[in-house]
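Top to bottom, those sequences are chains H and C. Using this note's numbering, you'd call the opening residue of the first sequence number 612 and step up by one each time. Using this note's numbering, you'd call the opening residue of the second sequence number 612 and step up by one each time.
No lab work stands behind these hints, which were simulated from the structure alone. Heads up, a few of these hints could be off.
In this list, chains with the same sequence are indistinguishable; a pair is considered to hold if it fits within one copy or across any two.
Claimed, not checked - Simulated pairs of lysine-lysine, DSSO-like, Cα-Cα distance not exceeding 27 Å:
no.: 1; residue 1: K693; residue 2: K725
no.: 2; residue 1: K693; residue 2: K737
no.: 3; residue 1: K616; residue 2: K718
no.: 4; residue 1: K732; residue 2: K743
no.: 5; residue 1: K694; residue 2: K732
no.: 6; residue 1: K616; residue 2: K743
no.: 7; residue 1: K693; residue 2: K732
no.: 8; residue 1: K694; residue 2: K718
no.: 9; residue 1: K725; residue 2: K737
no.: 10; residue 1: K732; residue 2: K616
no.: 11; residue 1: K693; residue 2: K616
no.: 12; residue 1: K737; residue 2: K616
no.: 13; residue 1: K694; residue 2: K616
Since the model is a prediction, treat every value here as computed from it, not as a measurement.
Number of protein chains: 2
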Amino acid sequence: MTEEKDYADIGIGASVPTLSRGPISRTQLALFAGASGDHNPIHLDDEQARAGGLDGVIVHGMLMMAILGQMLSGWVSQARIKKFSSRFAAMSVPGDTIICSGIVVDKREEGGEKLADVEIKAENQKGDALLKGMATVIIG
Amino acid sequence: MTEEKDYADIGIGASVPTLSRGPISRTQLALFAGASGDHNPIHLDDEQARAGGLDGVIVHGMLMMAILGQMLSGWVSQARIKKFSSRFAAMSVPGDTIICSGIVVDKREEGGEKLADVEIKAENQKGDALLKGMATVIIG
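Produce the entire structure from the sequences given, and follow the hints as far as they go.
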C-alpha cells in the first residue's frame with residue numbers, strides 16, 4: 612500500500628490516497644473493545660445504548676481515528692504522525708463504511724524534520740462527515 | 612468507573628481520574644492490529660521493525676490515543692469527546708504501562724453544549740511523555 616514517494620514529490624494540494632474500511636461489523640467493534648480495553652456497552656449492547664439515548668450501538672470514535680491514522684502512516688514509506696487533531700462531527704453505526712481522505716495544505720522543515728500538514732476527513736458511505744481535522748506527518 | 616458528577620461540580624484545575632493500562636503485551640498489539648486493521652509490521656515483527664531503524668516493535672500510537680480517549684469518556688456519566696488533539700512525543704514499547712491524566716483548563720457553554728477543555732497527557736511508567744494534547748469533552 613505504501614507508495615515510494617519522496618518529500619520533494621509531494622505538492623501542496625495533493626491528495627493522500629483514500630483509505631476505506633467497511634462495512635464495520637459488530638464483530639469488529641467487539642474486537643476493538645477487547646484490543647483497546649474500551650468495553651463501554653454503547654459499542655456492544657443495543658439495549659444499553661438505547662438506555663443512553665442512542666438508536667443502538669455506535670462505532671468507537673477511536674476506531675474511526677485509528678483508520679484515519681492508517682491512511683496517513685501508509686501514505687509514504689516511513690511516514691510518521693507527529694500531531695493529530697480531530698473533531699467528532701457525527702456518530703457511525705455498524706454497517707457503515709469509513710472513507711478517509713486527506714489533502715496536503717502545507718509543507719515545512721522544522722528541527723530537521725520534513726513535515727506535511729494534511730487536512731483530514733472521515734466520511735461514511737452516504738457522505739456524512741464523521742471526523743474532520745488536521746495532521747502533521749513526518750516524511751522519511 | 613464512571614463518576615456521577617454534574618457539570619457544576621467540575622472546577623477549573625480539577626484532575627480527571629488517572630487511567631493506567633499495562634504492561635502492554637505483544638498479544639495486545641496483535642489484537643489491536645486485528646481490530647483496527649493496522650497490520651504495519653513495526654508493531655508486530657521485531658526483525659522488520661529493526662529494518663526500519665527501530666530497536667524492535669513499538670506500540671500503535673492509535674492504541675495510546677484510544678486509552679487516553681477512554682480516560683475522558685469514562686470520566687463522568689455521558690461524557691462525549693468533541694475534539695481531540697495530540698502530539699506524539701515519544702514511542703512506547705511492549706512492557707510499558709500507559710498512564711493517562713488530564714487537568715480541566717476551561718469550561719464553557721457553546722451551542723447548548725456544556726464543554727470542558729482538558730489538557731491531556733499519556734506517560735510511560737518511567738515518566739516519559741508519550742502523548743500530550745488537548746481535548747474538548749461534552750458533559751451530560
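Results for each hint:
In this assembly of identical chains, the alpha carbons of K693 and K725 lie at most 27 Å apart only when taken from the same copy (11 Å versus 30 Å across copies). With identical chains, the CA atoms of K693 and K737 are at most 27 Å apart between copies only, with a shortest distance of 21 Å across copies and 30 Å within one. For the identical chains of this complex, K616 and K718 are intra-copy neighbours only, at 15 Å inside a copy versus 44 Å across copies, given an alpha-carbon limit of 27 Å. In this homomeric assembly, K732 and K743 come within 27 Å of each other (Cα to Cα) both inside a single copy, at 5 Å, and across copies, at 22 Å.
When the C-alpha separation of K694 and K732 is checked against a cutoff of 27 Å, the pair qualifies both within a copy, at 15 Å, and between copies, at 13 Å. Within a single copy, K616 and K743 get their C-alpha atoms as close as 25 Å, which meets the 27 Å cut-off; across copies the closest is 30 Å, which misses it. Proximity of K693 to K732 under the C-alpha cut-off of 27 Å is found in both arrangements, the shortest distances being 17 Å within a copy and 15 Å between copies. In this homomeric assembly, K694 and K718 come within 27 Å of each other (Cα to Cα) both inside a single copy, at 14 Å, and across copies, at 24 Å.
Proximity of K725 and K737 under a CA criterion of 27 Å is satisfied in neither setting, with 35 Å inside one chain copy and 29 Å between copies. With identical chains, the CA atoms of K732 and K616 are at most 27 Å apart within one copy only, with a shortest distance of 22 Å there and 33 Å across copies. Taking the shortest alpha-carbon separations for K693 and K616, only the intra-copy value of 19 Å comes in at or below 27 Å, while the best inter-copy value is 34 Å. In the homo-oligomer, the alpha carbons of K737 and K616 never lie at most 27 Å apart, since the shortest distance is 32 Å inside one protomer and 37 Å across protomers.
Taking the shortest Cα distances, K694 and K616 sit within 27 Å of each other inside one copy (21 Å), while across copies they are farther apart (31 Å).
Hints 9 and 12 from the list above are not met by this structure, while the remaining hints are.
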